[in-house]
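Asks: Here's the letter readout for the chains.
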Amino acid sequence: MEDYILEMKNITKLYPGVKALDNVNLKVQRGEIHALVGENGAGKSTLMNVLSGTIPYGQYTGDIVYNGEICKFNNIHDSEKLGIVIIHQELALIPEMTIAENMFLGNERKNKFGKINWNETYQQASENMKRVGLKEQSSVLIKDIGTGKQQLVEIAKALSKNVKLLILDEPTSSLNEEDSQMLLDMLIGFKNEGMTAIIITHKLNEVAYVADKITVVRDGSTIETMDNADHNIDEERIIKGMVGRELSNRYPEREHHISEEVLFEAKNWTVYHPIYTEKRIVNNVSFKVHKGEIVGFSGLQGAGRTEMAMSLFGKSYGSHISGQEFINGKEVHLKDVRDAIDNGLAYATEDRKTNGLILSDTIAKNTTMARMEKIANKQGIIDIAKENKIAEDYAKAMKTKTPSVQQNVGNLSGGNQQKVLLSKWMFAEPNVLFLDEPSRGIDVGAKYEIYCIMNDMVKEGKTVVMISSELPELLGMCDRIYIMNEGNIVGEMDAKDATQEKIMSAILSSKDKGGSI
Amino acid sequence: MRSVVKKYTMVLALVVVFLFFTALTGGKLLLAQNISNLLLQNAYVLIMACGMLLCILTGGNVDLSVGATLCLSAALAAKSLEAGMNPMLAVLIAIGAALVIGVIQGYLVGYVHIPPFICTLAGMFLYRGLARVVLDSKTISISNEKFLNLFTSYIMFPGEKMKHCTSALIIGIIIAALIAVLMIGNRAKKVKQGYQAESFAFMIAKLIIIDALIIIYSWKLSQYKGIPVMLLWILVIVLIFAFITSSTVFGRYFYAVGGNEKATKLSGIDPRRVYFWAYFLMSILAGLSGLLVAARIGSVDGNMGNTYEMDAIASCFIGGASAYGGSGSVSGIMVGAILLGVINQGMSIYGLPDQWQYVVKGLVLIIAVVFDVVSNKKAGKS
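Chains as they are written, first to last, in the numbering used here: chain A, 1123 to 1639; chain B, 76 to 457.
In isolation and in its complexed conformation, chain A is listed as follows:
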C-alpha cells in the first residue's frame, strides 16, 4: 500500500506569453527524499512556489492533494500551518538579527498581548540548533556565521515550524564539499525520523546519494520519475532525461566567417568577491575570441560567468581583479565602465530590469543612454529629434513591438524590453558584445529575432560572447563553447563536436573532483 503525503495533479501555470508549468504531476511518498532535477528555467522553482502558496490558489489550475485533502493555499502561512516549509536558494535571513530572532521571525514566541518572551525564544532556538548540529550561541548575529551555518539555521527554523514536508531549493549551491556532505547526511537522519523532503539540485552526485525517487522536469512538464532505492543510479541516465529534447531549426542559419585575428583576449583573469574579499569568484581564466565569432560560456548558475564578464567590462564587479585584457592584440587597462565602452566593449546584462533598463523612462532615452555623446553636440545639448529618429530606426530593425518610442520601457513585454536593451548596446557600437542570458524569460519568436541580431553583428566582423544556461541555445548559436564551473574554465569545445551530454559531464566531472578552488 503506497502512502502519498503529497500529490500534485495536472498543475498548469501560465505567465503572460509563457507556459511555465504544463500539466505537471508529482507524487511524493511519506518518508522519502524526492529529488527534482532539470535545467535552469525548466519550472522546478515555479512548481515549488505553487506548492508553498507563494503562487496562491487561483493563479494556477490543477489540484494539490496533501495528506489526502485538496489544499487551497493563499499564502505561505497557509502551507506552513500544515507543515510544508520551503527553504529558498537565496537565504531569507536578516544579517543584523540574532540566530534566535531569525528563527522565530513571523512566528514569535509571545504572550497574548504581543510581548515577546525572550527567554523562551533563546531556549527553543538552542534546542532546534542542537538538532542540526549547530554549536553557536543562539544570540550570535547571522552576519557573523558562515553561509554553511546559515543554511543550517534555515533548516532549524523549518524544524521550529513543526515541518512535515521540507522543500529545499539548491541547498548546497553555496556550500563547500564538507558542509554539503554534512547537510545531506542530516537530511537522511531526518528521513529516518519520518520527515519527507523534496530537494531541488543540479548536483547529480548528490541526487544519487540522497534521493529515493528522482523526477525530471523539462520545459514545464514532468518527464519521468526514476526509482533510486539502492542509491546507485547512473548520472548519464539522469542527464539524458534532463536534456533529452530534439533540436529543430529554432536557430537561424549563419555563414561562418571566422577570421584568424583575435579580437579580444583575457589572460589569467582572477576576481574576488566585492564584499567577502577572500572568496575567489573567477579563478585564473584565460580565453580568446576571434573576429566574426560567437563564443559561448556554459555552466551552472553561480559558475562565475556573469562575474567574469562584468569584471572584464570596466571592473563593474568584484575586487582584487588581476590578469590581462587585450583588445585587438593591444593590452588595455580599463578603469571603469566608461573606459570599457570607449574601448569597444559592451555588456548586456542578464537582469534587464535591475541592471539594464530604466523602466520609468522612454524607449528613446534608454536606447541612447550608453553613448549619449553621439546625439549631443560638444556643449552637451541633446538633439532630441535625432535621438527619436535613431530610436525609431532601432525599433524598426529589431522589430520591437511598440506604438512609439516615447513609450515607457516598463510597459513593454519581456521580449521587447530585451530588444531595447540590445538596441542600447548596439547603439554604443561595440566590437565585443557580452550577452548574458540574452533569451531569458522571452518567448520563442523573440528569441529567434535576437539570434538573428547576433548573427548580423558577427557578419560585420564583430564578436559576440554569449553566456547562457540553455545548452541547446549555445549549441545552436555558437562556434566555440567554453565550459565554466566554480570560477574555472573546465573545458573548451567546438560547437560541432559538442553535445549536451558532453558539456554536462564536463561540468559534473569537474565537480566530482571537488573543483580546484
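Calculated directly from the structure, the hints in this document are not laboratory data. Some hints could be false.
As the list claims (entries may be wrong) - Selected chain A positions facing chain B (in silico; Cβ < 7 Å): (1) ALA1214; (2) ILE1216; (3) SER1438; (4) SER1441; (5) ARG1460; (6) ILE1463; (7) ASN1477; (8) LEU1479; (9) ASP1483; (10) ALA1492; (11) ALA1498; (12) GLY1502; (13) ILE1503; (14) ILE1504.
Just so you know, even glycine gets a beta-carbon here, dropped at the ideal spot from N, CA and C.
We have chain A; now place chain B onto it with these hints.
Replies: Just chain B now, kept in the frame of chain A:
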C-alpha cells in the same frame, strides 16, 4: 481628451484654486499689487525648487539644509554690508559660503555615501547655528542702496510713472510674440521631419492661453511699478534649469540615476558625480535665495528661512516630481510652486488664521502625492 486632462491636471487645479480664492477674497487677489507680489514673495520657492528637483530626481532624496544655508548666506551678506564692504564683495562672500556648503554636502552624499536625509539634517542645524553666530543672535538691517537695487528695484524707463509703466506691457507683448513664433516654428519643423506633433488646433489653443496670460500679467505689472528685477532673477534661473533638465546630457544623468542607479552605472555614468552636482547646485541656489530674501525683507535674523526647505520640497511633489525619483520637470514644479503660492497668498488675504493655513498646505501636499502615486499605478508603472 483624457490624456490631455491628465497631463495638465495640476494646471487645471491651479486655475480652479485661483478662481476659488479670487471669489473668496472678492477679487482682491487680482489687484495689480497682489499679482506682482505673488511671484516675488515666492521667489525663493521658485528658485530653490529647481535645485530641489535635481535632488529629488536622483531617487526621492531631499535637501533639508537649504533653509539654514539661505539664512547663513543672508547673514554673511548683511554682516559684510554692515561692516561697510562693497556690495559686490558681500554678494561674493554669501555665494562663496553656499558654494563651500555645496562642495561639502555634495562630497559627503556622493562620494562618502552618507544618506542625504542625515547629511542635510546635520547641515540644517550646523548652518542655522553658524548663521546665528555670524549675526550674534541679533537682527541686522540692510540699508545699502546698491545691494537692494540689485534684487528689489523695478525696471523703469526714463519718464515713466509708477502706475503706468507701459514698458512692462510692451516687453510682455514682445515676449508673447516671440513665444508664438517659436511654438509655430517648432511644430512646423516637427511636421516637416515627419515626427509626431500635437494637432494644430490644440497648439493654437495652448498658444492663445499662454500668450494671454503673459499679456495680462505684464499689464498688471505695468499698473504696479513695472517689471521687478527679481522677476528677471527668477526667470534666468528657471529657464537655465528647465534647459539643463530637458535638453542636456548632464540633465539626463539625474533622471537616469533616479530611474535605475545600477543600470546607469553599467552604462558608463558615474552616479557619485551626479549626486555631487545635485547637492552642489542646490546649495548655490539656496545661497542666491538668501540674498533675494534678505534684500526683499531688508533685514536678516536668525530665524530667517525656517521651513523654507519644506516649501521647496512640497512644490516639487505637488508639481508631479516622483517621490521615488526619476521623473519630474521644471515646468511641473513651477506650477506646483505657484499653486502653493496662490494658496498661501489667497489664505493670507482672506485672513485665514495661521494654524489653518498649515492644515490646508498639508492637505494639498498629501492629496497631490497620493494622486501621483495612484495614477502612476494605474498607468502600470512601478
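Asks: If a hint holds in the structure, say so; if it does not, say that too.
Replies: Hint check results:
1. ALA1214: violated, 22 Å
2. ILE1216: violated, 20 Å
3. SER1438: holds, 6 Å
4. SER1441: violated, 16 Å
5. ARG1460: holds, 4 Å
6. ILE1463: Where the cut-off is 7 Å and the nearest Cβ of chain B is about 5 Å from A/ILE1463, the hint holds.
7. ASN1477: holds, 5 Å
8. LEU1479: holds, 6 Å
9. ASP1483: holds, 5 Å
10. ALA1492: holds, 4 Å
11. ALA1498: holds, 5 Å
12. GLY1502: For A/GLY1502, the interface hint holds, since the closest Cβ of chain B sits about 4 Å away, which is under 7 Å.
13. ILE1503: holds, 5 Å
14. ILE1504: holds, 5 Å
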